[in-house]
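Residue numbers (my numbering), protein chains in the order written: chain A, 1 to 310; chain B, 311 to 587.
Do not take every clue at face value.
[Said to hold, decoys possible] Sample of chain A residues facing chain B (criterion: CB under 10 Å; computed from the structure):
no.	residue
1	Ala-11
2	Val-12
3	Met-25
4	Ala-50
5	Ala-145
6	Gln-148
7	Val-150
8	Phe-243
9	Ile-244
10	Tyr-245
11	Val-251
12	Val-252
13	Thr-255
14	Ala-282
15	Gly-286
In short, the hints are calculated from the structure, not lab data. Keep in mind the model is a prediction, meaning the values are calculated, not measured. We treat Cβ as the ideally placed atom computed from N, Cα and C, and that holds for glycine.
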Amino acid sequence: MRMILNRLLQAVLVAFTVGLLTFIMIRLLPGDVAYRIAAGRYGYDVVDSAAAAKVAAELDLNRPAIEAFGLWLYDLVRLDLGTSLVSGEPVWDELVMQLGHTLQLAVSAILLSLLIGPLLGILAGLNRGGFLDRGLMLVSTALRALPQFVVGLGLIVIFGLMLNLLPTAGHAHGSHLVLPAFTLALGLAAVSAQVARDAMAEVAQSQFYRFARTKGLPEWQVFRRHGLRNVAVPIVTYLGVQFIYLVEGVVVVETLFAWPGIGHALVHAIFGRDVPVIQGAALVMGLMFVVLNAAVDGFCYIIDPRRRDA
Amino acid sequence: MSSLVFAQTPALRFSLRKSLGLFILAGLVVFAFLPLIIGGADPLKQSLRHSLQPPSSAAWFGYDHLGRSMAARLAAALRLSLGLALLSVVTAMVPGILLGVLAAWRGGFIDRAIGAVSESLLALPGLLLVLMLTAIVPDNPAMLYLGISLVLWIEYFRVTRALARPILNSPAVEASRLLGFGPVYILKRHVWPEISAILLRLGAFGAASAIMAIAALGFVSVGVRPPTPELGLMMIELLPYYEEAPHALLQPIAVIFLMVLALQLLAGRQNSGKETA
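Chain A with its partners taken away, still in its complex shape (with noise of 0.2 Å):
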């Protein structure tokens, strides 16, 4: 009860820490600010001061900063976004679509380094010192030294460019998905795989699991029964820190592989100056980031039966 309480005040801060810095960012735009939408909107060619004003009492621009601030929030509250300031389309529209790709994407990727980072890592950890143990150690120390755009880069260069297997940029069918999913992946992966290693190092060493194994049952058993929740519950509960590495990787990820999701239409937006799309796009990213958390404090609550004591 008490973190799902968190949670939803962790929600209001990121929409009032967005809101806040959206509306610094809207009341400093250089220039006239009126002018300067209005321009954006329809054309340098055919701004006059009359399109400004219009722009100018559509936005709040003339009234005092503290009350046009409680009405950008109290717009963000109500989640009207307003519209683009370069399409004029409605943000909400934009944002839902952006969404569907950027959600394809995240959990792709969460899906694919579950399959590989637990995986290697609890078969190193069970073998402690060993080739597996040592390789996966080596791979994931460089991996972590290098920021994700640079792993993207490798990917494009070797699947897209030198073996012509995948294709690099857009989103037209499936397999424009397996490159951007895999860059965030293996990010992902590199820290999970040394959480579970040394989370199965630690339990295969502890007496429960040396016990079972003296009493003769077969290695499978012994994991699935005494081994495999253990080291879930750290593997969880470090995805929630890994999140904030996925969003971030979102942002740059799918602007690398020009991806149509939020993190590329936040970066363009930030590039054109689009006001109510940053907001917009931001709030989502921050929400997203939320909601993934609270998931993970729900599955930490199913795997390790002794949080619903305390």
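Start from chain A and add chain B according to the hints.
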């Protein structure tokens, strides 16, 4: 088995990792700042005759697509990254530690108030916050610096608060207080030794994430603008020429890899650090 041997082995391995990190970092610093001392090519000077020239004995790092010296550009980009990262870490460290100690010392309302501010900043992923700040005043490294410091101080604050609270409640501090020592003495004598041990580790991680963030923003063309040499920006500029000049694209990648690797080696394993935070 004697406990002495037990305690020594991990310490030894640690120092090996750390000294390797220090070695790489020192090399990069020398490479970055040597041109300032002995003089070198101008990182902005174009000469299309040299365009995409591979490394040679005259220019060890070759030239980029506009015939600018890669060595000079890499050094300038390193100065920017390292300088900005160091500046942000120091800016974040001082208020982070002071506020952390203050929160642990006074508790109650002050503790909750500072905690709430840090929570609200933490609600948004760091890069998003930096991205939005750079959107407010574009083309300005000062906003990058502000944004990164704003994200980094939270880690210092939280760790310091968590460490300082049990220390301030310990019998040792109580004894010092009863003996009449003031807060300055207690901070210097009891709190500082505990905190200073983790400063390097937090600082190295902070610097690594700052460097990554600067490069990522440069890469999506939102951070520093051309023609300023910046590692992420250099990569995106040189990407179209990777077939003719793979050496040019690989250089900034290698530099950022070495820089982050060195800082991570200095900091030690991440997992154990995050859990105590």
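To see whether the hints hold, each was checked on the structure:
1. Interface restraint check: A:Ala-11 against chain B, minimum CB-CB distance 8 Å, threshold 10 Å, status holds.
2. Interface restraint check: A:Val-12 against chain B, minimum CB-CB distance 9 Å, threshold 10 Å, status holds.
3. Annotation: interface hint on A:Met-25 holds; nearest CB of chain B at approximately 5 Å, less than 10 Å.
4. Contact between A:Ala-50 and chain B, as hinted, is not supported at the beta carbon level, the nearest pair being about 29 Å apart and thus beyond 10 Å.
5. With 10 Å as the threshold, the beta carbon of A:Ala-145 comes within range of chain B, its nearest partner Cβ sitting at about 4 Å, so the hint holds.
6. Evaluation of the A:Gln-148 hint against chain B yields a held restraint, the C-beta minimum of about 7 Å falling below 10 Å.
7. Interface restraint check: A:Val-150 against chain B, minimum CB-CB distance 5 Å, threshold 10 Å, status holds.
8. Taking 10 Å as the C-beta contact cut-off toward chain B, the hint placing A:Phe-243 at the interface holds, the least distance being around 8 Å.
9. Nearest Cβ of chain B to the Cβ of A:Ile-244: about 5 Å, under the 10 Å cut. The hint holds.
10. Look at A:Tyr-245: its Cβ gets to within about 8 Å of chain B, closer than 10 Å, so that hint holds up.
11. Using the Cβ-Cβ criterion of 10 Å, the hint placing A:Val-251 at the interface with chain B is satisfied: the shortest such distance is roughly 6 Å.
12. Evaluation of the A:Val-252 hint against chain B yields a held restraint, the C-beta minimum of about 5 Å falling below 10 Å.
13. Because the smallest distance between the Cβ of A:Thr-255 and any Cβ of chain B comes to about 4 Å, under 10 Å, the interface hint for this residue holds.
14. Look at A:Ala-282: its Cβ gets to within about 6 Å of chain B, closer than 10 Å, so that hint holds up.
15. At a threshold of 10 Å, the smallest CB-CB gap from A:Gly-286 to chain B is about 5 Å, leaving the interface hint in force.
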